[in-house]
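Enquirer: Listed below, chain by chain, are the residues.
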Amino acid sequence: MSTQTSSTIQFPYKRTLGPVISRFFSELTAQRIVGIRSGERVIVPPMEYDPETGNALEPDFVEVGPAGTVVSWTWVAEPGKHHPLDRPFAYALIKLDGADTNLLHALDAGSEDAVSTGMRVAPRWRDEPVGRIDDIVAFVPGETPEGPAAGEAQDVQTMDYFSTITYTDVLSPTLERYAASMRAGVITGQRCPQCNRVFLGRGYCSVDAITLGEEHEETLPDYGVVSNYTIVTPTPYPGQKETEPFARASVVLHGDEMVIAQQQIIGIPVSEIRVGMRVKAQWFADDARNAAEITSKGWGTVAGFIEGWLPTGEPDEPAEQYMNRVF
Amino acid sequence: MSNESNDRADTAIAIVSTAYLPAVRRNDVTETEMLIAVVDEALGKVGLKRSDIGFSCQGSCDYVSGGTFSFVPNLDAMGAWPPIHESHVEMDGAWAMYEAWVRMQHGDVEIAVALGSGKSSTGDPAEIYLNELDPYYLAPLGPDPVSLAALQARQLIESGKSTERELAEIAARSRRDAANNPKQQVRSAETDVDKLLAEPYLRNPLRKSDLPPISDGASCVVMATARKARELVSRPAWIAGIDHRSEVHNPALRDLTDSPSTRLAAEKAGGVEGVEVAELMAPFTAQEVVLRQALGLGDDVVVNPSGGALTGNPLMATGLVRIAEAAEQILSGGRNRTLAHATSGPLLQQNLVCILEGDN
Amino acid sequence: MGHEPVAVVGIGQTKHKKRRDDLSIAGLVREAAQRALDDAQMTWSDIDAVVIGKAPDIFEGVMKPELYLADALGGAGKPVFRVHTAGSVGGSTAIVASHLVSSRVHKRVLAVAWEKQSEGNAQFGLGGGKSGSIGAGGAFAPWIRAYIRKSGAPEHIGWQVAVKDRQNALRNPYAHLHLKDISIEKVRESPMMWDPLHFLESCPSSDGAGAIVLTDKAGGLAAAADGRPPAWVLGTSMRSEPSSFNGRDPIRPQAGVDCAWDVYKQAGITDPRNQIDVAELYVPFSWYEPMWLEGHDIAPVGEGWKMVDRGETAFGGSFPVNPSGGVLSSNPIGASGMLRFLEAALQVRGAAGEHQVDGARVALAQAYGAAAQYFAMWAVGSELPSS
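Protein chains in written order, with numbering that gives the first Met the number 0: chain L, 0 to 326; chain D, 0 to 359; chain C, 0 to 386.
Heads up, some of the hints might be wrong.
To be verified - Distance ranges between label pairs, derived from CB positions:
#: 1; chain 1: D; residue 1: Glu266; chain 2: L; residue 2: Val61; range: 35 to 45 Å
#: 2; chain 1: L; residue 1: Ala291; chain 2: D; residue 2: Glu198; range: 32 to 42 Å
#: 3; chain 1: C; residue 1: Gly226; chain 2: L; residue 2: Val61; range: 38 to 48 Å
#: 4; chain 1: D; residue 1: Gly297; chain 2: L; residue 2: Ala291; range: 53 to 63 Å
#: 5; chain 1: C; residue 1: Lys264; chain 2: L; residue 2: Thr157; range: 47 to 57 Å
#: 6; chain 1: C; residue 1: Arg18; chain 2: L; residue 2: Glu39; range: 35 to 45 Å
#: 7; chain 1: C; residue 1: Lys264; chain 2: L; residue 2: Cys194; range: 21 to 31 Å
#: 8; chain 1: L; residue 1: Glu39; chain 2: C; residue 2: Gln40; range: 20 to 30 Å
#: 9; chain 1: D; residue 1: Arg25; chain 2: L; residue 2: Ala149; range: 46 to 56 Å
#: 10; chain 1: D; residue 1: Ser50; chain 2: L; residue 2: Gly212; range: 18 to 28 Å
#: 11; chain 1: L; residue 1: Pro220; chain 2: D; residue 2: Glu230; range: 43 to 53 Å
#: 12; chain 1: L; residue 1: Tyr222; chain 2: C; residue 2: Glu302; range: 30 to 40 Å
#: 13; chain 1: C; residue 1: Arg272; chain 2: L; residue 2: Gly38; range: 49 to 59 Å
For the record, the hints were derived by calculation from the structure and aren't laboratory data. Remember, predicted model here, so these are calculated numbers, not experimental data. Built from N, CA and C at the ideal position, the CB exists for glycine as well.
This is chain L alone, in the form it adopts within the complex (with noise of 0.2 Å):
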């Protein structure tokens, strides 16, 4: 059975809207729908271009609707943690009274049977407008628009927009095999029989773009020697944890076959690190290790395994001959 990985990626956009779609969600904000005259065409919602030409459109708004005839729709039966709707709904292209191009949005019909092409529809107000495309909170049946009494338009100038992403994977055969392998505390590489250098949980060569497999796979020494390093002073970004100045470092391996970059170095101050220092590997505890940070969309990583790299006391190296070497 293959190891499931899991990552979720999330990040609160904030966009900047320009004139156009400003004033748009501004009037979405006191309840009127404005579209913008490109030649005879009227386009919902409005653009900073003709879409057909790219040609700019001047500021002509035209307030549309707000009532419109559905010209296609389709049934989503069990909305996802995406859709705009908790309970069944549909999504609809609907042509707005005095527009002439259509506009998509969802339509809370109640049940599939409620909706057909041609039916006349006519917006829902969220209760408290924040200047968005769904300030609409969806068409409803009928002529007559839902939610509070319209208030004074807003000036709105930005949207939010939360993007949240999950991937699973598992993790390929090498992979597993190297997780396997670090579990049991031991950093296990693979050479290529080709050009001789070591790799890392990466199941091929990278030189030689040749596929590496279990009888290609070696254990090396887990210690060795500084080779490089920054400290890196942390911007805070949401997601962001580290608050403190924190060191990287790249750390050459016994036998000065392969680099693992992006180390800590534990047990003494980050200014005391140097090149040519000496290190061994502090594995967590057996039942803390885990293979959380390893992803097929990358190579072997000791995170998860390895807690950092301590100084090992014996004298340094000469630096010179390991300074190039960080990645």
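Knowing the structure of chain L, use the given hints to seat chains D and C on it.
Expert: Okay, now just chains D and C, sitting in the frame of chain L:
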């Protein structure tokens, strides 16, 4: 343009070899390892080595692969040491081939390779694909690819251009063809049209049979100059033309029952006259109808004999698989003129057409 | 049948800023593209094909944004193409676009590269969305340390480049940073971000876009006859190597050496130091200026910092580097390579305004990406190449 071998200009470029991995729900190896395998296979067929390649171009997508700079390790599949001349597009491998074809027009590259790869098994298309939509007006509404395809299918049906039965027939035909193609993923599914029509809607009017599977895969095409092509294979698949065109992004602003960009790309690529086989990248049944009609393909044109994207859909590789299949129709299938199509973006926004020819 | 000569006849860029809060993403790319079209005296309908470049899509959270941007760039009914080669992408975008003309596939091509970093966060993006991102600075800092140690360069070299590029930026109205009171002391005293790199030795995070219009020989000659001399493309090249293997030299990557000599050969350059009048090199961290001078054989190995020290790379020096202010003054990541490429074109057109290098006839532009493993370079000149 003549099909006579001797008339083929020295500047002509041909596909000489292709390879693609079987589309599977989940491939356990990494994307780079998948690419190593297809490059090995494609080069091996014609006795070439990586060092023979003058230019290579890869197509893949971070959002599909699930990591920032996901194409960087994939470079290693080319054996990029000593350094190589290569490029990458955040597009299907079919567009990678387009870039390689453009590069070959300069005459200084004899062998070029195009690749496409993706592991869509790792994510949920409904979660990923809304991010390729207009970030202000569409993405916040969360429309998933199947819902969008259903809006298109309904318009096609209600405009009288197709029927649910026709869509079911396309699904059944694709599945029958896939049964004969070990590289396709959906190979033993129901093929009785009445039974398919009796299945419930997933997104009215689309049923599960109208949808593609989620697939992992990688594809590779090897191109050569005329001189090299004749050296390497007895029957090169000459690239008579290749062109791609975009449309307006927002599907709500388009006539979803037509694909003018496909029609235009086909015209620029030399036209559909005499095409015997067409491999159309139609991940939804209704899109095959749209494409056939837009291209004006007659009933005598064999469509998607491979089983098509409907039965194997490795995102970012699927379009190049179509080109590989259309090329194999000439390289090993004895056909004279075939068409391959690739698409990108919501509801056929962007379309590429490649016309291939064999020597009579 | 040789290649079709390629002429850059239109150049445009945005005002680069920390946050272009007055624009949508489409508005940002259109500001640069419209300026390039105006400069070329063309309209959207004159363009045959559009090539778009940018760095990772996660920076703005828009997947394959060339789809959403297709019509913003007049792309309906046209080929719209998306390049992504990491940090070198702005340069590769220009090169891929130039190939569409040199191959005679198209006659008039618009190339646009952009980034709207303020929508998201680059540290987040580069860290794969996780905590403890070391960012680009943390990734490159060890190599910079190695260069300093190997070459014996004094530490003021990095400060000097940081000051020089910011002073150059004062001549460039489009540059993001206009640090009027920049000084060696200020750089030296600025926080140590990625030891040995100080905050002011590092590039900013910018919103911005750059665009060029490329055309064929007839188009270039017509522009010249109209009093709008084009920049002629003398040579282009892209080279890549794997990021990580034993024996790789990350200080002077072989792909960078090979890429440069491929361009030099096409451009008839045998002595880059003397035959090139000005260079726009991708220097996101100050030390990369001497590193690339050596990495592209403009200076002998170990001597690049001496060119800096002698002031030769300064504006008015004998080999000016980054008269625009460079990446150190404006860094809309995906566009940063394009800005190098278009600044080189501006120089040989004599159109660089206050940062014009006198008598610039041959200019070099370079961009690099990922683990200093992807390279894109071009040389442009004021004269139509002879063959």
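Enquirer: Would you mind marking each hint as holding or not holding in the structure?
Expert: Hint-by-hint comparison with the structure:
Distance hint for D/Glu266 and L/Val61: a CB-CB separation of about 36 Å, consistent with the stated range 35 to 45 Å. Between L/Ala291 and D/Glu198 the C-beta distance comes to about 40 Å, which sits within the given range of 32 to 42 Å. Hint check: C/Gly226 to L/Val61, Cβ distance near 43 Å, so the stated range 38 to 48 Å holds. The hinted range of 53 to 63 Å is satisfied by D/Gly297 and L/Ala291, whose Cβ atoms lie roughly 56 Å apart.
Range check, C/Lys264 to L/Thr157: Cβ separation about 50 Å, and the 47 to 57 Å hint holds. The supplied range of 35 to 45 Å is met by C/Arg18 and L/Glu39, whose beta-carbon atoms lie about 37 Å from each other. Our hint of 21 to 31 Å for C/Lys264 and L/Cys194 holds, since their Cβ atoms are close to 28 Å apart. At about 29 Å, the beta-carbon gap between L/Glu39 and C/Gln40 stays in the expected band of 20 to 30 Å.
At about 51 Å, the CB distance of D/Arg25 to L/Ala149 agrees with the hint of 46 to 56 Å. For D/Ser50 and L/Gly212, the hinted distance range of 18 to 28 Å is satisfied, since their beta carbons lie about 23 Å from each other. Judged by the Cβ atoms, the range 43 to 53 Å given for L/Pro220 and D/Glu230 holds: they are separated by roughly 49 Å. A hinted range of 30 to 40 Å for the beta carbons of L/Tyr222 and C/Glu302 is consistent with their spacing of about 38 Å.
The supplied range of 49 to 59 Å is met by C/Arg272 and L/Gly38, whose beta-carbon atoms lie about 56 Å from each other.
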